[in-house]
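Student: Chain A is already provided as a structure; the job is to place chain B on it using the hints.
If you're matching them up, the sequences are chains A and B in order.
The numbers in my numbering rise by one with no breaks, and the one at position 253 of the first sequence is 253.
The numbers in my numbering rise by one with no breaks, and the one at position 129 of the second sequence is 129.
You may find that some hints are simply not true.
Selected chain B positions facing chain A (Cβ under 7 Å, derived; list incomplete) [said to hold, decoys possible]:
#1 L30
#2 S71
#3 G136
#4 V145
#5 H157
#6 V160
#7 E169
#8 L183
#9 V186
#10 F187
#11 N214
#12 A334
#13 L338
#14 S340
#15 P364
#16 W368
If you're looking for bench data, these hints aren't it; they were derived computationally from the structure.
This structure is a prediction, so every number in the text was calculated from the model and none was measured.
C-beta: ideal position from N, C-alpha, C; glycine also.
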Amino acid sequence: MTTNASTRPLAGRLIVEVGGSIPVAAAAKLFSDYGADVVKVEAPGGAPMRRIGPFPGDVPDLEVGAFHVALDTGKRSLTLDLASPSGLEVFDRLCEHADLVLLHTATSVAVELREGLRLLEHRPHVVVLTEHGLDGPFAERTENGTSLLAWTGRMRQHSLPDEEPLRYAPYVPEMQWAATAAAVANACLWSSEHGGEPREVEVSGVEAMTGSVDTWFVVWEFQGAEMPRAGGQSKAAYPAGCYRCSDGYVVFASANPPFFNRLCEAIGHPELITDERFLTPAEKALHFDEFFAILDPWLRERTRDEVFTYLQQYGVMVAPVLDVSEVVTDRQAVARGSFVEHALPTGGTTLLAGPPFHLDGGWDHGPAPRIGEHTDEVLRDLGYSTTERLALFRAAVTG
Amino acid sequence: MTSTLLKGLRVVELCEVWAGPMAGSLLGDLGADVIKVESFPRNSMTRPLATVQPWPGEGPAFERSPIHHISNRNKRNIALNLRSEGGIEAMRRLLREADVFFEGYSAGTVEGLGFGWEVAHELNPNLIYLSLPGWGAKGPYQGYVTLGSGLDAAAGHTIVRGYPDRPVEDTQPIYHSDATGALAIVFAAVTALQQRERTGTGTFVDISQIEVLNWHLPALVADWAVNHRRQERVGNTDPLIVPHRCYRAAAGEAGEDSWVFVAAEDDAQWNALAGAVGHPEWAKRGHPWATITGRLAHRDEIDGALAEFVASGTAEEIADRLSSAGAIAAPAVAPWSLLSNPQLQARNWLQYVDHPYVGTQVFPGFLWEVEPDEPSWDRPSGLVGECNREVLADLGFSEAEIEDLYAQGAVGDRYG
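Just chain B, with the same shape it has in the complex:
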């Protein structure tokens, strides 16, 4: 059984795609009873009706999408038509019994369905209600829609990434705001619960995922505020640290496209690096590269020398050699390299999980180790409506009423 840190809490998740569902999984990892409410009959973006790629197993595509499996463990799934009378009643009962409710639709959507904060608070004055539209619940962009890539762009993250000598079109979209958003939801929910202990009443929490990402970029904001400087796209370069970039290796787990990131932030790390490369003299007094200022002045020559060294071996060997000596070095790993990473293996980090439709697959492990009650993967990604009957019965619906809800199309267990 998973960790019991949040045991006893009932959480209702009404979210799609990544940030919200990941938060639900994390709360589930920590022991909360998380009920994921999925829309019905409309399928969510991560539950496609047809396979786009050859996904493992057989059966409905909406149960086999990797994007969906990433962030939906440790929850009980129920699929409700929130535009039907029966679905609305089930949702009202869920909210009445919940400690925490969080929703990730664009601002105003859930209110439009009749489950805004005022209604929910009246149903259950103890409820913690978190709303996490991309740009927040309030403000002139209310109702605007986005995915994580848009939030990274609008928070000023996208413009500072990328290759300095290439156009912005070549910068890959990233979805960092989904990762940061998920963690903010967990912290916010638990903070609000502690406030509830004090005040005896539930509260509304407005989370703007873009503000969460702003929080993660303090240097960017400070440089503008105090120096009126917009940071530029500099690739992997650090203006104060030499070396600080990736070099191409001869080969490695990632095949011909294998690279090693190498850095020496101070003289001790440089000394370790020079020794591991077989040139201890680079760090001896008098050598032009032995000092911080010397290395800043000779960035290109050092890059050339290290490029040559890294090209002499596989990415993994080179990284091991430099890193064991005390320098900073890491291969830019490909997805499959996680399977052979000796550290992750030694810590039994990867999780082998069985699922009714996709069979046994390997998943990344948990974000934290907790002693004495480790998180565990108690439930794989839930099937559509898998826990409809169980959850509805918990909410006081009789068997006949549940049959009726199915007959009305108020609940469902498949799409298309």
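Next up, chain A with everything else stripped away, as it sits in the complex:
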């Protein structure tokens, strides 16, 4: 999709991204893909995220890492040494023009950068991503996506009792943290248009995930007991979880009437709807095996896709368990353009997820910048003279 930049929803906004991590880059991507001018400030060696693969052919290359290609779409890259006073001077001058600064650095660096931004005549909104928050006893701790997830309780909840707790897919926590930061940051932009003052926001990775919905603290708090971790298939409220078909799996979420009733009808056993064994939660919990003995053979005689499309005609909550090759060719994904082809700078193409929401003409996926590709352009825009730009480059402040 090619769109006219000036008519896109976030056109005219300047966003500065600092830190080079997955969460800050993913948060900034939402702004660049919907039309904002995002300047990615990278350390002279390039953002650390550029080192995260997979890479085409498993050949490491800072310009084609999966996360850089997918998450830096449509941004400009400014290489700047933020540890030097000269670098900070460029940074502050850039931020003087910015609507929003997204920061994810070591806590002490974030605090220092934010202090500097407070002194600007035109203060941007500042959204700081931190693992645990800028204050408190854990403020300086290093985490990764999996350790963050461990802190939220999700690893324990989504694994089997007495076995190693399990993570989600790699980097999924970082991406959720990013989406959390982007949502509040965008609210800041809207507020500016309506006379709102500049805000300082903190988005702690642990808090962002622990406070969201798929956490089971409130259930424990209310019930005084954990949600049972009985394995993939619930034996109490069923069918829920993964079930085997002739060639793969489906996931059911059809324990509650009316979904249970629709399922019974669809598999030719309407009598089960009024069967006392399945009428109340208490009775149902005692009769899983009997129900499984009916459902399992029905599933095994049919393919996963047959089960999915047939049961959906009855309004049963069921979905296929797909692998990525099937996800990108799924007919719904193809019909909607859920994935887009995207050129790699080294030649060839890759696939990217398309717009996370469809807003007419609003979304695009420009190329990810080479390290420092726009350094000179950004410095010119900020009014640095040729001599100044050469001097900054000579001293390795820019690159």
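Tutor: Frame of chain A; chain B shown alone:
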């Protein structure tokens, strides 16, 4: 009073379960006036008629379900029968006055009720209308129904989780798509509002929760696209990082089932870890484990040594020790551990909230800190139809008309 970032916006939510209601709460946290329209007389899935578990307090079960309380703060509730004349009129007036409307039913349902995009746009040309069925508003799966667990499965997330040596049946369903969906709604709504500033007119936003989740899995897609590789179920292993897994602790907050996730992503973190374990020599030049390649070659031995170390203490002590030294370490916490987490305590993160039926309960705090106007929990999970009269009066219904709506069954304030 909560944050004022979105003050002045009127939002109408017509959603059930998690993703949509959570988005409503988040918009409410940021200062929007969120009106939650609940169905009547049919109760939603998260408002059961009978308690399934011993929930706190007394009174109707539909006011006491934890699943419902999780995602319904900071809204005004109204319960409408959208198949009645009076309910339809109330909904039309709500839409006329709203900036944002979002609905989370399967594609076509709300259209069938007479409130599709065309109708709504005619009622209110400025309205931002977001539709978020699981598979999106358009496409061959239109009308299909699902919960979050189905979306995680169909997006390719479920198949890459799980224990490598166990069948798929043992993989717990997860509902990550609800968390990601909620945030996408907030970002999308605010983006569309900014577009409205530019164009002067409302717009339709089609959100497929499965596409939102696809957005969160770039590596999976890239590995297939460029290397034709389907990622496998590898538990917590990272092929490039040793150590990177959970080890069982002797005890801890989670009792006998206490575990610590430990990782050292580079030599500096490994050096910190070795020192904290009491074996600084593991990181000294010449030791087979001192280098990245050495650790990759000795994954099993390192796992054995760390398993022994972690088993020597409680999960919390071990994590503290490793993490304070500079390695990555975290206990896989149980729900109750949030209450004693020193970091969350120091930041006063947990919220103690009073509710007419369940009394004072502890809830997770907000997703973000905003200075100078912090989000606050101004309204606990609303009662069924709690704000019927207030909202209807705002919409211009007289007292007599409101009584009439009750008499007709067009609005209600209890189920069953």
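Student: Any hints this thing doesn't respect? Which numbers, in order?
Tutor: 14
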